[in-house]
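Asks: Sequences listed follow chains A and B, in order. Under the numbering used here, the first residue of the first sequence is numbered 6, with each subsequent residue one higher. Under the numbering used here, the first residue of the second sequence is numbered 29, with each subsequent residue one higher.
FYI, nobody ran anything at the bench for these hints, they're computed from the structure. The beta-carbon is built from N, C-alpha and C at its ideal position, and this holds for glycine as well. Hints are supplied without guarantee of correctness; some may be wrong.
What the hints assert, rightly or not - Quick look at which bits of chain A chain B covers, simulated, 3 or more residues with Cβ under 8 Å:
no. : segment
1   : 54-61
2   : 231-239
3   : 248-260
What the hints assert, rightly or not - Okay, the calculated beta carbon distance ranges per label pair:
no. : chain 1 : residue 1 : chain 2 : residue 2 : range
4   : B       : K123      : A       : E348      : 15 to 21 Å
5   : A       : I344      : B       : D110      : 45 to 51 Å
6   : A       : T147      : B       : E107      : 25 to 31 Å
Said to hold, decoys possible - Interface residues of chain B toward chain A, partial, derived using beta-carbon atoms under 8 Å:
no. : residue
7   : L67
8   : M119
9   : K123
10  : M127
11  : V130
12  : L132
13  : P149
14  : D150
15  : A151
16  : S153
17  : R154
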Amino acid sequence: MNEKRFINRTTIIRLAAAFAAVAGLIAFGFLYKDKWNPNGDADPQKSEGTLFAMDTYMSFAAYGENADEAIEEAKQLIEECERKWSVTDAQSEIGKLNEEGFLEPSEETLELIKLALSYSKYTNGCFDPAIYPLVRTWGFTTGENRVPPQSEIDALLPYADARNVILDRDTVRLQEGMSLDLGGIAKGRAGDEVLALFKGKGIKSALISLGGNVQTLGHKPDGNDWKIGIHSPYGNEIIAVVGVSDRCVITSGAYERYFTAEDGTVYGHIISPFDGYPVSNDLASVTVIAGSGALGDALSTALFVMGAERAIEFWKANEGFEIILLSKDGTLYVSEGIIPSFEARTSSAVKSVCEIKR
Amino acid sequence: MRNKTVKILSGVCALLFAVALGFVLIQYFSVSGEEIEILSDGKVIYTGKGVSAEPVYIDAVSAHGVNRIRIDANGVLVESADCKNLECVHMGYLKSAYMPIVCLPNNLVIRYTGSGEASAPDAISR
Chain A
6 MNEKRFINRT TIIRLAAAFA AVAGLIAFGF LYKDKWNPNG DADPQKSEGT LFAMDTYMSF
66 AAYGENADEA IEEAKQLIEE CERKWSVTDA QSEIGKLNEE GFLEPSEETL ELIKLALSYS
126 KYTNGCFDPA IYPLVRTWGF TTGENRVPPQ SEIDALLPYA DARNVILDRD TVRLQEGMSL
186 DLGGIAKGRA GDEVLALFKG KGIKSALISL GGNVQTLGHK PDGNDWKIGI HSPYGNEIIA
246 VVGVSDRCVI TSGAYERYFT AEDGTVYGHI ISPFDGYPVS NDLASVTVIA GSGALGDALS
306 TALFVMGAER AIEFWKANEG FEIILLSKDG TLYVSEGIIP SFEARTSSAV KSVCEIKR
Chain B
29 MRNKTVKILS GVCALLFAVA LGFVLIQYFS VSGEEIEILS DGKVIYTGKG VSAEPVYIDA
89 VSAHGVNRIR IDANGVLVES ADCKNLECVH MGYLKSAYMP IVCLPNNLVI RYTGSGEASA
149 PDAISR
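Take these sequences, add in the hints, and give me the full structure.
Replies: In structure tokens form, the structure reads like this:
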């Protein structure tokens, strides 16, 4: 026996084997870490689809046995929504309503108009589906942007008032000169209908993005929340990430669709129903997290119209949604309900984060 | 003899350890999402690497218009297009799996086929 050896051969072999086993376990863990889903379904089938519709790019991801079929039906559903609700298609129900001032709408369209009018009332007119005469005169739906003369804006402003839409059981009537644009709510509503379709197909986990309107069904297949990034209004980066399930995350701002006038002024596509001009206040973007896409869509527009102070007051006075506001001075206001799943990202757009409480 | 056996076994275990460690490091530091696909009018017209040492040009021709796409050592971008707003060109290089390059007027999408980095969001609200 060698007295100088303080670790014998067997110990060396055992130690080496243990090292190898540990290393093997780590490698195994890395290899299968994405498939480890103790809270989710066992490796559910993922299906994806994309679609150009409603003047934007849409993507769908759904998990489950019927996901392929559900996505195909979702695409058809979206196209059907577009056929009914497009403001630029004279043959759509909204096109006919605007042309003739009268419509006996389908059940879905009537429901959407009722919803739009109720959200208009809820937001004290900040969301206004009757804004279309002004949107059109600024050229945001014709592609021929221009700064209209003040006299033209003054003449059109009285028609931009959803309170003058007459609903009589199954018919809709507009006063002469009025026209509706459901673009501020249609994508959110279409998303709600897609998720309802998915649910009906037995799908428990899905993520859809209708032109940046993100809506989720359930959790991710691994049981975690969906991580949704919020795009910076100033560049190709994200300012924050929120974790959600069964919620939509919808952002509005003047940075996606805008034009620059001859004098260098930038005009965004969200028109204020109060002065007839593209909204220009202290907000750069508004994100709403809500249970319904239609609500999130309408609120994101309405809060952007309100400006930071009024938007925060509105949130304090109402429940059922959370908000993230980015002001032009770089302050990111985050409502308390979303704070537990909120994560700020390094961005030149954000200088400070401020929690807002009721 | 027994010493030799111990040395061999120790060497084998050390080698296994090194291989496993190397695998972990490669997995950790490797850049995912390099495979891209280009869709024009909903049809896949290209799948492959999103980088190329020598510039590769792809013309995506659809019923709506033409986008000239370049894949070079820095990545993939739309170099020119005949669309009105040129947003696809202004987006520059494809940066992330969650933010595809989209040309709405010409029905063009350039995206990574992988899910991208683990910390990346699942989608972007904009």
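Asks: Work down the list of hints and note, for each, if the structure agrees.
Replies: Hint check:
1. 54-61: holds (count 5)
2. 231-239: This one holds; 6 residues, not fewer than the three required, reach chain B with a Cβ under 8 Å.
3. 248-260: holds (count 3)
4. K123(B) / E348(A): 15 to 21 Å: Once the Cβ atoms are compared, 19 Å apart, the range 15 to 21 Å for E348(A) and K123(B) holds.
5. I344(A) / D110(B): 45 to 51 Å: Check passed, 46 Å falls within 45 to 51 Å.
6. T147(A) / E107(B): 25 to 31 Å: holds (29 Å)
7. L67: holds (7 Å)
8. M119: holds (6 Å)
9. K123: holds (6 Å)
10. M127: holds (7 Å)
11. V130: Cβ of V130(B) sits 5 Å from chain A, so the hint holds.
12. L132: holds (6 Å)
13. P149: This interface hint holds because 4 Å falls under the 8 Å limit.
14. D150: holds (5 Å)
15. A151: With Cβ-Cβ at 5 Å, under 8 Å, it holds.
16. S153: With a minimum Cβ separation of about 4 Å from chain A (threshold 8 Å), the hint on S153(B) holds.
17. R154: holds (4 Å)
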